[in-house]
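2 protein chains.
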Amino acid sequence: MNLPKSNSLRAVLFIFTMLSATSAMAQQVAIAIHGGAGTITRAKLTEAQEQQYRSTLTKAVQAGYTLLKEGKPGLDAVTESIRILENSPLFNAGYGAVYTYDGRHELDASIMHGGKMNAGAVSGVTTIKNPIDAARLVMEKSVHVMLSGEGAESFARLHSIPVVENSSFDTPFRYEALQQAKQRIERDRNASIDLRAVDEKFGTVGAVVLDAEGNLVAGTSTGGMTAKRYGRIGDSPIIGAGTYAANDACAVSATGHGEFFIRYHVAADICARVKYSNMTINDAAGSVIHEVLKPIGGDGGVIAIDSKGNIAMPFNTEGMYRASVDSNGKLTVAIYK
Amino acid sequence: MNLPKSNSLRAVLFIFTMLSATSAMAQQVAIAIHGGAGTITRAKLTEAQEQQYRSTLTKAVQAGYTLLKEGKPGLDAVTESIRILENSPLFNAGYGAVYTYDGRHELDASIMHGGKMNAGAVSGVTTIKNPIDAARLVMEKSVHVMLSGEGAESFARLHSIPVVENSSFDTPFRYEALQQAKQRIERDRNASIDLRAVDEKFGTVGAVVLDAEGNLVAGTSTGGMTAKRYGRIGDSPIIGAGTYAANDACAVSATGHGEFFIRYHVAADICARVKYSNMTINDAAGSVIHEVLKPIGGDGGVIAIDSKGNIAMPFNTEGMYRASVDSNGKLTVAIYK
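Chains as they are written, first to last, in this note's numbering: chain S, 969 to 1305; chain A, 969 to 1305.
The shape of chain S in the complex, shown without the other chains (with noise of 0.2 Å):
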């Protein structure tokens, strides 16, 4: 059909054009990451350090922000703000990552869609650089959502993936951290089992973003907990636990004892109760953290957004490294209650 090239028609099509764009501008972006939640007291940490992870927190979540007022993709912010993050030392992720008891690190990371209610998750690679970027490739590149060990890393590379020594991740402080751990472990021989939670922090790192498309998208990244052993996979790379993305209710990256956050089906049950109970982001992310949470011993947070770009970042232990940029472009930066 030929359209009539009136000049009535392109005042029409000017003013649609127009409108589209406009709502497309009008369209709010947000963001919300975090580093970890444990026992963060101002007492244990310096001025200095508090300086360093404030800085990186603001220099990872700016980055994923200012992707989102470009108007690129929800992915593209939460990788970036990832790789950040990842990429410092501050936290454990990537480069920084805890040491397993073996003296090695693995690493797990997932990323979720919630406009193509499509996901990727990897669990206990030990090469990748960027262990997020290995989640998003699983679900863009293959059909599967979760990819594991060294069948994990080989798929990476078949798709030419930055790879790195394993020894890449070291940290001293880390190494340390593993000493202790096995100090402990080694008193509690007593106890049925010596597979105790030693760590005190739960390191992890997240995003979640709503995107100008008003897509919600979330990611975490960990490099799991102090001294595990005999492949233990925590909640970040399960879908549903450390991870949860859905445009109808919320986008959910959790941090905290991961075993607690599985049975709990932590980010999807936030969802579920925005979804279905009509709860803000702040009562379902809020009820989830200190009324089933709390009370059992399951410590951590989450960071939590809604299709309105509303942020909540609730945790039940001392402190959680956190940092968001909300839908009216203030920023946030925090570590203590």
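In short, the hints are calculated from the structure, not lab data. We put the beta carbon where it would ideally sit given N, CA and C, even for glycine. One should not assume that every hint holds.
Claimed, not checked - Residues of chain A placed beyond 10 Å of chain S at every Cβ, according to the derived structure:
#1 ARG1010
#2 LEU1013
#3 GLN1019
#4 TYR1021
#5 GLY1083
#6 GLU1144
#7 TYR1232
#8 HIS1258
#9 GLU1286
#10 ASP1294
#11 GLY1297
Said to hold, decoys possible - When the alpha-carbon atoms are kept at most 27 Å apart in a straight line, the in silico DSS-like pairs for lysine-lysine are as follows:
#12 S:LYS1243 with A:LYS1276
#13 A:LYS1262 with S:LYS1243
#14 S:LYS1084 with A:LYS1262
#15 S:LYS1109 with S:LYS1040
#16 A:LYS1243 with A:LYS1084
#17 S:LYS1262 with A:LYS1243
#18 S:LYS1305 with S:LYS1084
#19 S:LYS1109 with A:LYS1150
#20 A:LYS1243 with S:LYS1243
#21 S:LYS1150 with A:LYS1109
Model the placement of chain A on the given structure of chain S, informed by the hints.
Same frame as chain S, but now just chain A:
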């Protein structure tokens, strides 16, 4: 404190004891099991084959039900029923598991107790005779929920679990399926990535029960997907996806195209619909299988049970091997729609 041993107190104690016993006896028990869903039609099974399936399903469901009627824990009933299915070559779990691309067997299993809200899972184990027992071991003997690969094997061996050669899971029927799958993968090389869902039947086994103490328990075990590669993990060992149980909602075991079941965290979503939307177990399970999964190609089914012992066994494929004994003791064994 010394209790006064008066006759009247004895009488009160006797009545109290009898009431407790009556109440325990009156507690209804129920069980449902599945042996996989897929393109299972009358035309594809000979009468003799159908008889074999029906006979093994009957044996497995009755074994679990007998334990439940004796007042045994739901965990015992779930593991007993699943062990029978794992030990049968008819189902894709344990003996009779499908082959990986490399011609081996990698088995996954998980279990969850809805009263304790505790769970255990293993993924990618290769020598454990009954993976469901390893999942239970992880739940009961470790502080972890999920162990993977060689680490999971080591943990299970520490606890003297029966192990076998990987080749003991071999069956000629599954070997032939692998050859066909590899030919199809070869033909499909033009596809962006040769990670295709090649299986026409999603053989996985599972059980859900309501025990005499009112606990809901769910378990699932699988050999995964024929010709799987790259350490692929499906929904079966993922708590919230393939398996979930919560006494205040329901217990679910799933079978189907695992990737969809992870993305839509199917087992936990069914329980969320029961808990937050007050849906019946029938409506909750049915809506997820038929309204959420079917339109997007998420083939499969679930067995689900609620705290009253109501059972739902919906599937959106041509058939699902299934059996149940409801709270009135009525046995159902079925394969087709």
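For each hint, the structure was consulted:
With a least beta-carbon separation of about 30 Å from chain S, ARG1010 (chain A) lies farther than 10 Å from that chain, consistent with its non-interface assignment. No Cβ of chain S comes within 10 Å of the Cβ of LEU1013 (chain A); the nearest lies about 28 Å off, and the non-interface call holds. No Cβ of chain S comes within 10 Å of the Cβ of GLN1019 (chain A); the nearest lies about 35 Å off, and the non-interface call holds. Remark: the non-interface label on TYR1021 (chain A) is consistent with the geometry, its nearest Cβ contact in chain S lying 29 Å away (cut-off 10 Å).
The non-interface label for GLY1083 (chain A) is consistent with chain S: the shortest C-beta to C-beta separation is roughly 12 Å, beyond 10 Å. In this structure GLU1144 (chain A) is separated from chain S by more than 10 Å, as the shortest Cβ-Cβ distance comes to about 23 Å. For TYR1232 (chain A), the requirement that its beta carbon stay farther than 10 Å from each beta carbon of chain S is not met, with the minimum near 7 Å. Once the 10 Å rule is applied to beta carbons, HIS1258 (chain A) is consistent with being away from chain S; the minimum gap is 17 Å.
Against chain S, the non-interface label of GLU1286 (chain A) holds: every CB pair exceeds 10 Å, the least being about 22 Å. Interface exclusion of ASP1294 (chain A) from chain S stands, the closest Cβ pair being 27 Å apart, more than 10 Å. Every Cβ of chain S is farther than 10 Å from the Cβ of GLY1297 (chain A); the closest lies at roughly 32 Å, confirming the non-interface assignment. Restraint check: the Cα-Cα separation between LYS1243 (chain S) and LYS1276 (chain A) comes to about 25 Å, which is no more than 27 Å; the hinted pair holds.
Simply put, LYS1262 (chain A) and LYS1243 (chain S) have alpha-carbon atoms about 20 Å apart, close enough for the 27 Å limit, and the pair holds. Restraint check for LYS1084 (chain S) and LYS1262 (chain A): satisfied, since their Cα atoms lie roughly 16 Å apart, inside the 27 Å limit. Taking the CA atoms of LYS1109 (chain S) and LYS1040 (chain S), the gap is near 20 Å; set against the 27 Å cutoff, the hint holds. With a C-alpha separation of about 17 Å, the suggested pairing of LYS1243 (chain A) with LYS1084 (chain A) holds against the 27 Å cut-off.
Restraint check for LYS1262 (chain S) and LYS1243 (chain A): satisfied, since their Cα atoms lie roughly 20 Å apart, inside the 27 Å limit. With a CA separation close to 35 Å, the supplied pair LYS1305 (chain S) and LYS1084 (chain S) exceeds the 27 Å bound. Proximity of LYS1109 (chain S) to LYS1150 (chain A) is assessed by CA-CA distance (about 20 Å); at most 27 Å being required, the pair is judged to hold. At roughly 12 Å between alpha-carbon atoms, LYS1243 (chain A) and LYS1243 (chain S) fall within 27 Å of each other, so this suggested pair holds.
At most 27 Å may separate the alpha-carbon atoms for a hinted pair to count; LYS1150 (chain S) and LYS1109 (chain A) meet this at roughly 20 Å.
Against the hints set out earlier in the document, violations occur for numbers 7 and 18.
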